[in-house]
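Q: Line by line, the protein sequences are chains A and B. Residue numbers for the first sequence, in the numbering used here: 1 to 236. Residue numbers for the second sequence, in the numbering used here: 237 to 472.
Hints may be right or wrong, so weigh each one.
[Unchecked claim] Taking lysine-lysine pairs in the BS3-like style, the calculated list, with each CA pair at most 27 Å apart, reads:
1) B/Lys264 x A/Lys235
2) A/Lys214 x B/Lys450
3) B/Lys450 x A/Lys45
4) B/Lys264 x A/Lys92
5) B/Lys471 x A/Lys184
6) A/Lys184 x B/Lys450
7) A/Lys235 x A/Lys184
8) A/Lys28 x A/Lys134
9) B/Lys268 x B/Lys242
10) B/Lys420 x B/Lys471
11) A/Lys83 x A/Lys28
12) A/Lys214 x B/Lys260
13) A/Lys134 x B/Lys260
14) B/Lys420 x A/Lys235
[To be verified] Okay, the calculated bits of chain A under chain B, using three or more residues with CB under 8 Å as the criterion:
15) 79-93
16) 149-158
Note that these hints are calculated values from the structure, not bench results. Backbone N, C-alpha and C define an ideal beta-carbon position, used for all residues, glycine too.
Number of protein chains: 2
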Amino acid sequence: MNYYDKKSKITYALGLTVVIEALKRRIKEARKLYLSPSLKEGEGKREVLSLARSANIPVIQNNTKIFSLSEKEACYAILECEKREEDLSLLKSHILLVEPSNQGNVGTIMRAMASFSIHDLAIIIPAADVHSPKTIRSSMGAYFSLRISLFQDFSSYAKQFPNHHYYPFMLDADTSLSSLSFIKPSTLIFGNEARGLPSSYHDIGTSVRIEMEKEVDSLNLDNAASIALYHLYTKS
Amino acid sequence: MNYYDKKSKITYALGLTVVIEALKRRIKEARKLYLSPSLKEGEGKREVLSLARSANIPVIQNNTKIFSLSEKEACYAILECEKREEDLSLLKSHILLVEPSNQGNVGTIMRAMASFSIHDLAIIIPAADVHSPKTIRSSMGAYFSLRISLFQDFSSYAKQFPNHHYYPFMLDADTSLSSLSFIKPSTLIFGNEARGLPSSYHDIGTSVRIEMEKEVDSLNLDNAASIALYHLYTKS
Numbered sequence: 001m002n003y004y005d006k007k008s009k010i011t012y013a014l015g016l017t018v019v020i021e022a023l024k025r026r027i028k029e030a031r032k033l034y035l036s037p038s039l040k041e042g043e044g045k046r047e048v049l050s051l052a053r054s055a056n057i058p059v060i061q062n063n064t065k066i067f068s069l070s071e072k073e074a075c076y077a078i079l080e081c082e083k084r085e086e087d088l089s090l091l092k093s094h095i096l097l098v099e100p101s102n103q104g105n106v107g108t109i110m111r112a113m114a115s116f117s118i119h120d121l122a123i124i125i126p127a128a129d130v131h132s133p134k135t136i137r138s139s140m141g142a143y144f145s146l147r148i149s150l151f152q153d154f155s156s157y158a159k160q161f162p163n164h165h166y167y168p169f170m171l172d173a174d175t176s177l178s179s180l181s182f183i184k185p186s187t188l189i190f191g192n193e194a195r196g197l198p199s200s201y202h203d204i205g206t207s208v209r210i211e212m213e214k215e216v217d218s219l220n221l222d223n224a225a226s227i228a229l230y231h232l233y234t235k236s
Numbered sequence: 237m238n239y240y241d242k243k244s245k246i247t248y249a250l251g252l253t254v255v256i257e258a259l260k261r262r263i264k265e266a267r268k269l270y271l272s273p274s275l276k277e278g279e280g281k282r283e284v285l286s287l288a289r290s291a292n293i294p295v296i297q298n299n300t301k302i303f304s305l306s307e308k309e310a311c312y313a314i315l316e317c318e319k320r321e322e323d324l325s326l327l328k329s330h331i332l333l334v335e336p337s338n339q340g341n342v343g344t345i346m347r348a349m350a351s352f353s354i355h356d357l358a359i360i361i362p363a364a365d366v367h368s369p370k371t372i373r374s375s376m377g378a379y380f381s382l383r384i385s386l387f388q389d390f391s392s393y394a395k396q397f398p399n400h401h402y403y404p405f406m407l408d409a410d411t412s413l414s415s416l417s418f419i420k421p422s423t424l425i426f427g428n429e430a431r432g433l434p435s436s437y438h439d440i441g442t443s444v445r446i447e448m449e450k451e452v453d454s455l456n457l458d459n460a461a462s463i464a465l466y467h468l469y470t471k472s
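Just chain A, same shape as in the assembly:
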């Protein structure tokens, strides 16, 4: 098996920074470490080797796997690891993404979540593959610091988290973000990149609008999520 398979239980962390993050946070799920013979001696190599050896993870110094997975960029380290989904916290705030379609966006949102100390990510499917090497790389390794859980629809999410305060982000919502104080635990809800949230989300909790110029279509999904996360981090 040379390439990543969405259906497999295995995924890959690509790149030294991401691999170190994975080994620090999720050493139990790590299976094999591939290092390129071109990786220079230095702090990064010492750190990754010491982490792997302390957990008896096999180290393979070999370029074959490295090249078959990392098509575009130079990549000197790859970690093979198990995908993990787990129950989200009942007490902490969540991000809920409804049918996101772009792996890069989902990864960038994971990175912003880690920056603003939100560690629970719910996804309503169908959605971009949250476990793919591309998503993990876009997250800069933040993937490994999150609890991630997939749901069939909003009602299955709501059944599990009835005490969360729901904040669907919608262009035509009444409440503006800057006037809002989130009640915790909060669930910040964002729709698909192209379609946004269905209008039925108006009836769920408090819908929120990020103030912006009317002539403009809308913000990029991960930009909108970052603005909301920063607000949650600093204003509540």
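Fit chain B to the given chain A structure using the hints.
A: Only chain B this time, still in chain A's reference frame:
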């Protein structure tokens, strides 16, 4: 000439939404409109044709150009247009990007600028090509609503805009964004994706820190810029 050339004075708007934006905002720079014969009749096609015809822009219904430029996605409309750089406003707030390296990031920042009503973009070179079809597409057409100007270094920018208040965004700045009221006209300054701003920027104006968890490397460049732009839009 089938492909985009960075050195040429010509660039391309790809996709119906972006083409309409270009025709609405910069009809004088438009040269030729290419439409795919597969573009279905409808509101979009009627709008683009009516805009082009009102300005006597030649319309070519042909798939050749369409396919040579848009490699990945289906694309039904392409506008050939002139690149434009122009002086920035002396009175309005600016974004200044110092050596940004990623076209997608620059385009996404353009989109966020339009959302938050900032229309002046300064770039210190070397930098990603701000006029490329990829940048323009990432901007969702916001490229056409901006004034864009390139500078060799910060001092040439500062010489031209001595009355702007400079706000370099740096991880180790003293002033936190949420405590700040921008004085206008402001210049919000962001560094390269990997390196950030050189420490010499600490001595320029008021350096600003976006509050976040310390263990995390930093935010994505366009996420950081969006958070700052939203703050400028709502808090000053």
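Q: The structure should be examined with respect to each hint, and the outcome stated for every one.
A: Evaluated hints:
1. Annotation: proposed proximity of B/Lys264 to A/Lys235 is violated, straight-line Cα distance about 45 Å (limit 27 Å).
2. With a C-alpha separation of about 36 Å, the suggested pair A/Lys214 and B/Lys450 falls outside the 27 Å cut-off, and the hint is violated.
3. Taking the CA atoms of B/Lys450 and A/Lys45, the gap is about 23 Å. The hint holds against a cut of 27 Å.
4. The suggested pairing of B/Lys264 with A/Lys92 is violated, with an alpha-carbon distance near 53 Å, which exceeds 27 Å.
5. For the proposed pair B/Lys471 and A/Lys184, the alpha carbon gap of about 24 Å is at most 27 Å, so the pair holds.
6. Restraint check: the Cα-Cα separation between A/Lys184 and B/Lys450 comes to about 22 Å, which is no more than 27 Å; the hinted pair holds.
7. For the suggested pair A/Lys235 and A/Lys184, the alpha carbons sit about 12 Å apart, so the restraint of at most 27 Å is met.
8. Straight-line distance between C-alpha atoms of A/Lys28 and A/Lys134 comes to about 21 Å, which keeps the hinted pair within the 27 Å bound.
9. Restraint check for B/Lys268 and B/Lys242: satisfied, since their Cα atoms lie roughly 18 Å apart, inside the 27 Å limit.
10. In summary, the hint linking B/Lys420 to B/Lys471 is supported, as the alpha carbons are separated by about 12 Å, within the 27 Å threshold.
11. The straight-line distance between the Cα atoms of A/Lys83 and A/Lys28 is roughly 11 Å, inside the 27 Å bound, and the hint therefore holds.
12. Annotation: proposed proximity of A/Lys214 to B/Lys260 holds, straight-line Cα distance about 16 Å (limit 27 Å).
13. About 36 Å separates the Cα atoms of A/Lys134 and B/Lys260, which puts this hinted pair outside 27 Å; it is violated.
14. Taking the CA atoms of B/Lys420 and A/Lys235, the gap is about 24 Å. The hint holds against a cut of 27 Å.
15. Counting residues of the region 79-93 of chain A whose C-beta sits closer than 8 Å to any C-beta of chain B gives 0, which falls short of three, so the coverage hint is violated.
16. Using a Cβ-Cβ cut-off of 8 Å, 0 residues of the region 149-158 of chain A lie near chain B, which falls short of the minimum of three, so the contact claim is violated.
In this structure, the earlier hints numbered 1, 2, 4, 13, 15 and 16 are contradicted, and the remaining ones agree with it.
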